[in-house]
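Okay, here's what each chain looks like letter by letter:
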Amino acid sequence: DSGVTQTPKHLITATGQRVTLRCSPRSGDLSVYWYQQSLDQGLQFLIQYYNGEERAKGNILERFSAQQFPDLHSELNLSSLELGDSALYFCASSVGASGRGNEQFFGPGTRLTVL
Amino acid sequence: DAKTTQPPSMDCAEGRAANLPCNHSTISGNEYVYWYRQIHSQGPQYIIHGLKNNETNEMASLIITEDRKSSTLILPHATLRDTAVYYCIVSSNTNAGKSTFGDGTTLTVKP
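The listed protein sequences derive, respectively, from chains A and B. Residue numbering for the first sequence follows this note's numbering, beginning at 1 and increasing consecutively. Residue numbering for the second sequence follows this note's numbering, beginning at 116 and increasing consecutively.
For the record, the hints were derived by calculation from the structure and aren't laboratory data. Be aware that one or more of the hints could be misleading.
Unchecked claim - Label pairs and their in silico Cβ distance ranges: (1) A:GLY96 to B:THR180: 21 to 31 Å; (2) A:GLY96 to B:MET174: 17 to 27 Å; (3) A:LEU39 to B:GLU129: 25 to 35 Å; (4) A:ARG22 to B:SER156: 38 to 48 Å; (5) A:ARG111 to B:PRO122: 43 to 53 Å; (6) A:ILE60 to B:HIS155: 20 to 30 Å; (7) A:PRO70 to B:HIS155: 27 to 37 Å; (8) A:GLU82 to B:THR187: 22 to 32 Å; (9) B:SER124 to A:GLU82: 47 to 57 Å.
Unchecked claim - Every beta carbon over 10 Å from chain B, so not counted as near; a handful from chain A, in silico: (10) VAL4; (11) PRO8; (12) ALA14; (13) ARG18; (14) VAL19; (15) SER27; (16) GLN44; (17) LEU61; (18) GLU62; (19) SER65; (20) ASN102.
A quick note: this is a predicted structure, and the numbers were derived from the prediction, not measured. Ideal Cβ positions, reconstructed from N, Cα and C, are used throughout, including at glycine.
Could you put together the complete structure from these sequences and hints?
Okay, structure coming up:
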């Protein structure tokens with residue numbers, strides 16, 4: 001158990017819909033990262049927040065957005081869903097924003113299926 | 116961030132040492148080498164990281180060459196539960212969020 005929690009574990013929805021994925025970081029961690037892993041593909045970095053502020057952005061679609069709240073939990077919002085958005089979505093957290101304290105601890109993931 | 120190159124797959128006999136190589140020839144001075152592994156579709160698990168010195172923890176050892184252009188992750192006594200995809204990434208001191216996970220190495224530990 002990494003200490004990072006993600007809800008829900010599974011999500012099935014239809015094209016065009018909007019969903020929200022939730023992540024609670026490990027106690028004391030200030031950074032939260034979101035990754036997407038499609039079938040048979042590697043982890044794609046989406047976005048990082050550090051202490052409430054956006055820190056780094058990866059290949060995140062405009063239909064996707066995220067935020068980190070004052071209690072440090074984070075939400076990833078996916079809208080106008082397409083079949084290709086079906087994937088595992090992982091959240092990770094770390095103590096720092098960069099450098100030595102950046103070992104990331106991953107949650108169990110949310111499996112999103114778009115029908 | 117620097118790119119990494121890893122062999123797509125490796126086999127190892129149970130109980131033997133597994134040595135997983137990683138090439139990061141474009142690594143810059145402020146970039147750390149991190150290793151993670153992912154068992155089936157579980158969340159990736161942090162293993163170890165280093166800057167330029169060799170590192171060891173309860174899971175593995177990390178050997179970084181003197182020129183820092185490559186590294187080797189060593190699992191000293193591989194077990195069947197070590198079968199996983201192993202990712203080597205480099206992460207800068209200033210923009211570590213953009214860690215790039217490549218395809219990794221699929222390590223299969225055989226009885």
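Each hint tested on the structure:
1. A:GLY96 to B:THR180: 21 to 31 Å: 26 Å, holds
2. A:GLY96 to B:MET174: 17 to 27 Å: 21 Å, holds
3. A:LEU39 to B:GLU129: 25 to 35 Å: 29 Å, holds
4. A:ARG22 to B:SER156: 38 to 48 Å: Given a distance of about 19 Å, which is not inside 38 to 48 Å, the answer is violated.
5. A:ARG111 to B:PRO122: 43 to 53 Å: For PRO122 of chain B against ARG111 of chain A, whose Cβ atoms are near 29 Å apart, the range 43 to 53 Å is violated.
6. A:ILE60 to B:HIS155: 20 to 30 Å: Between ILE60 of chain A and HIS155 of chain B, where Cβ atoms are some 26 Å apart, the hint holds.
7. A:PRO70 to B:HIS155: 27 to 37 Å: 35 Å Cβ-Cβ, so the 27 to 37 Å window holds.
8. A:GLU82 to B:THR187: 22 to 32 Å: Since the Cβ atoms of GLU82 of chain A and THR187 of chain B sit about 41 Å apart, the hinted range of 22 to 32 Å is violated.
9. B:SER124 to A:GLU82: 47 to 57 Å: 32 Å, violated
10. VAL4: Violated, because the least Cβ-Cβ distance between VAL4 of chain A and chain B comes to about 7 Å, which does not exceed 10 Å.
11. PRO8: 15 Å, holds
12. ALA14: At about 23 Å from chain B, ALA14 of chain A clears the 10 Å cut-off, so the statement holds.
13. ARG18: 24 Å, holds
14. VAL19: VAL19 of chain A is indeed farther than 10 Å from all Cβ atoms of chain B, at 19 Å.
15. SER27: 16 Å, holds
16. GLN44: 8 Å, violated
17. LEU61: 16 Å, holds
18. GLU62: 18 Å, holds
19. SER65: The claim holds: SER65 of chain A sits with its nearest Cβ about 16 Å from chain B, beyond 10 Å.
20. ASN102: Not fine: 4 Å to the nearest Cβ puts ASN102 of chain A too close to chain B.
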